[in-house]
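> Top line first, the protein sequences correspond to chains W and Z. In the numbering used here, each residue carries its 1-based index in the first sequence increased by 35. In the numbering used here, each residue carries its 1-based index in the second sequence increased by 3.
Incorrect hints may have been included.
As the list claims (entries may be wrong) - Straight-line Cα separation of at most 25 Å, DSS-like style, residue types lysine-lysine; simulated pairs:
1) K156/W - K114/W
2) K135/Z - K201/Z
3) K79/W - K268/Z
4) K200/Z - K93/Z
5) K135/Z - K122/Z
6) K79/W - K271/Z
7) K122/Z - K206/Z
8) K135/Z - K93/Z
9) K135/Z - K200/Z
10) K303/W - K206/Z
11) K135/Z - K206/Z
12) K200/Z - K303/W
13) K131/Z - K206/Z
14) K335/W - K345/W
15) K335/W - K313/W
16) K335/W - K64/W
17) K79/W - K267/Z
18) K201/Z - K303/W
Hint data in this document are derived by calculation from the structure and do not stem from the laboratory.
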Amino acid sequence: MSAPAILEARNLSRFFDATGRWLSLKKPKLHAVDGISFDIPPGKSLALVGESGCGKTTTGRIVAGLCVPDSGSLVFGGKPMDFSDASLRKSVQMIFQDPYESLNPRMTIGQSLQEPLQIQKIGSRAERRDRVERALEEMGLVPVAQFVDRYPHELSGGQRQRVAIARAFILDPEFVVADEPTSMLDVSIRAEMSNRMLRMAEQRGVSFLYITHDIAIARYMAAQIAIMYLGKIVERGDTESVLSHPLHPYTRALLEAVPTPDPAALEKDLPIQGSLSKPVDPPPFCRFFDRCVSRQPSCKEKPHPNLEQKATRHFVACYLA
Amino acid sequence: MTVENLVLGYQTPHGSLPALAGVSFSLLPGQVFGLVGESGCGKSTLALSLLRLLPPNAHMVSGECFFHSSSGLVNLVASSEKQMASVRWKQISMIFQAAMNAFNPVYRVGEQIMEALRKHFPHQSHAKNREKVAQLFEMVGLEPERMQQYPHQFSGGMKQRAMIAMALSCEPSLVIADEPTTALDVIVQHRILAGLKKIQRLKNTSMIYVSHDMAVVSQMSDRIAVMYAGKIVECGPAAVLSANPSHPYSHVLMGAFPDIHGPKKPLKSLGGEPPDPFRLPSGCAFHPRCPFSQERCAKEEPVPVALSPDHVVSCHFPLERKEGYP
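If we strip away everything but chain W, and leave its shape as in the complex, we get (with noise of 0.2 Å):
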């Protein structure tokens, strides 16, 4: 990667305690992010793609400072990221997923948005008013006049989550966060969202961390993408490449699980087999061991394997790729 990347984050990892056997002494731990490295350079996103349990979130919460990470380094803008650095936190935002849930019942929707400029000692009463009119037009919440004193219970789902992308993007952020952000909408207001958030992204240059489990999406809002698979990058580099050419088994085992309107489709079988574990003390080997369809002895006699550049801008996590 030519310029020098926003974020760059370097074996993140972070475990959580699971539930032992009882009277155990050794408590034994959930692997949910594992060592994982990742560039985004300003201005693109990279999205994040993986089934429930990856540890997906638990990234993106890294990312956003929202979970310490047990080890690793991030590195913002060159800087080593510090979240009690009030500057920081402005040019990290975050979308969250449910939108009933992610803005205070108590505030309209007018000081939900004026409080993040607040914090940041932005502007006077009436510019911050200013400021939020505009955020909320843009989202296309308009007559403007109509929203800022209503309530979040007061609007629909995809309204509020609009409300929600307004506030990530008033403080005008370098860098947004989106968890799973149009998950819980109705389809036809899906793909209002995210065309509303690619095209705030491109005109602010704005890089996305955008986290979801379904891989077209990812296709449509990220160049990069990075597929995980319980704590661990299994594949990562430019959208398009890894689609097109997935190297890694449960890559491939992904792109032939999304639905197509062909009913031929489910005649085959995924080449994919067992059913999703949770990486509770993982073995020490390759953790698609025993879901891979091609796995060989020798995999299992070597640690998990680390992500090698098989083409430009494309790093897969196999031995036998």
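Take the given structure of chain W and dock chain Z to it, following the hints.
Relative to the frame of chain W, chain Z by itself:
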């Protein structure tokens, strides 16, 4: 099964809320009928109303629903509770959206399925029931040993499979599946859909498949009905609707999902919000959001027009058909 002009509302403190505004369709034996639409369009209400499982504040205004059961023609709308009890599960069964909560947590999963068998086949021996459940488990891809486990030992996908096994236990002639894979990951979803389709073909079961995902519905169904604001706006063969929909709303639904194959296309999006059922727009309920709406749409409600014998659309200005389609 034939459903004719079903009109249904919910009694609420703010007055009666119309949920279904005259829905008609028919379903042939061995056919899969897909119902697509957004939340609140009435698709789940329709599915539940066929089994008369609606909450007490729902009231049927009019309509008829005939079902060819093994004991002759039954009108599901007019039949007694006792008659319904004999139809439910044995002839028409349902796979619910939230399989997580469909099982009783303090009974073993196998036991709960056997309970349904005992109820409907009281003369069958215990050993035979057990064998039957083991077979069903195998069919949906669960190890038969899991019959002895409790629901909390199952993952979400496994519970959904157990739910499918339960729905098929009495060999019904019709299965209603209401978003059975919505909460699941793609890989699990693919397996469950493939399993369901295989069993459906094997047993020649009819199915009503309800979902908001156009791709999933076209994959599963022979015929598709698109619902908007309590009405079926377009109904036709799955292949035609998925490739060449005529109603602007079906068109947008098809284009609202990004694709992983082919060139990257901008997503089709609709302005506005799904309509408030208390204040439905005049004329065509879709006209305020429709990109092609004209003056006539706001005044006159469109009537269903047959574009071909098995393709009906309710729109004043149905979209042109692409070349090469019947």
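> Would you check the hint for K200/Z and K93/Z, treating anything up to 25 Å between C-alpha atoms as holding?
Given pair K200/Z, K93/Z holds - Cα atoms ~20 Å apart, limit 25 Å.
> Verify the proposed pairing of K335/W with K313/W, using a straight-line Cα cut of 25 Å.
holds (19 Å)
> Is the Cα-Cα distance between K135/Z and K93/Z 25 Å or less?
holds (15 Å)
> With the threshold set at 25 Å, check whether the alpha-carbon distance from K79/W to K267/Z stays at or below it.
holds (17 Å)
> Is the hinted pair K335/W and K345/W satisfied, with a Cα-Cα distance of at most 25 Å?
holds (22 Å)
> Given the hint that K135/Z pairs with K201/Z, test it: the Cα-Cα distance must not exceed 25 Å.
holds (18 Å)
> Is the straight-line distance between the alpha-carbon of K201/Z and that of K303/W 25 Å or less?
holds (11 Å)
> Between K200/Z and K303/W, is the straight-line Cα distance small enough, at 25 Å or below?
holds (12 Å)
> Starting from K135/Z, check that the Cα of K122/Z is at most 25 Å away, please.
holds (14 Å)
> For the pair supplied as a hint, K79/W and K271/Z, confirm whether the alpha-carbon distance does not exceed 25 Å.
holds (23 Å)
> Is K122/Z within 25 Å of K206/Z, Cα to Cα?
It holds: about 22 Å lies between the C-alpha atoms, which stays within 25 Å.
> Does the alpha-carbon distance linking K303/W and K206/Z stay inside the 25 Å limit?
OK: K303/W and K206/Z at ~20 Å, within 25 Å.
Violated hints: none; the structure is consistent with every hint.
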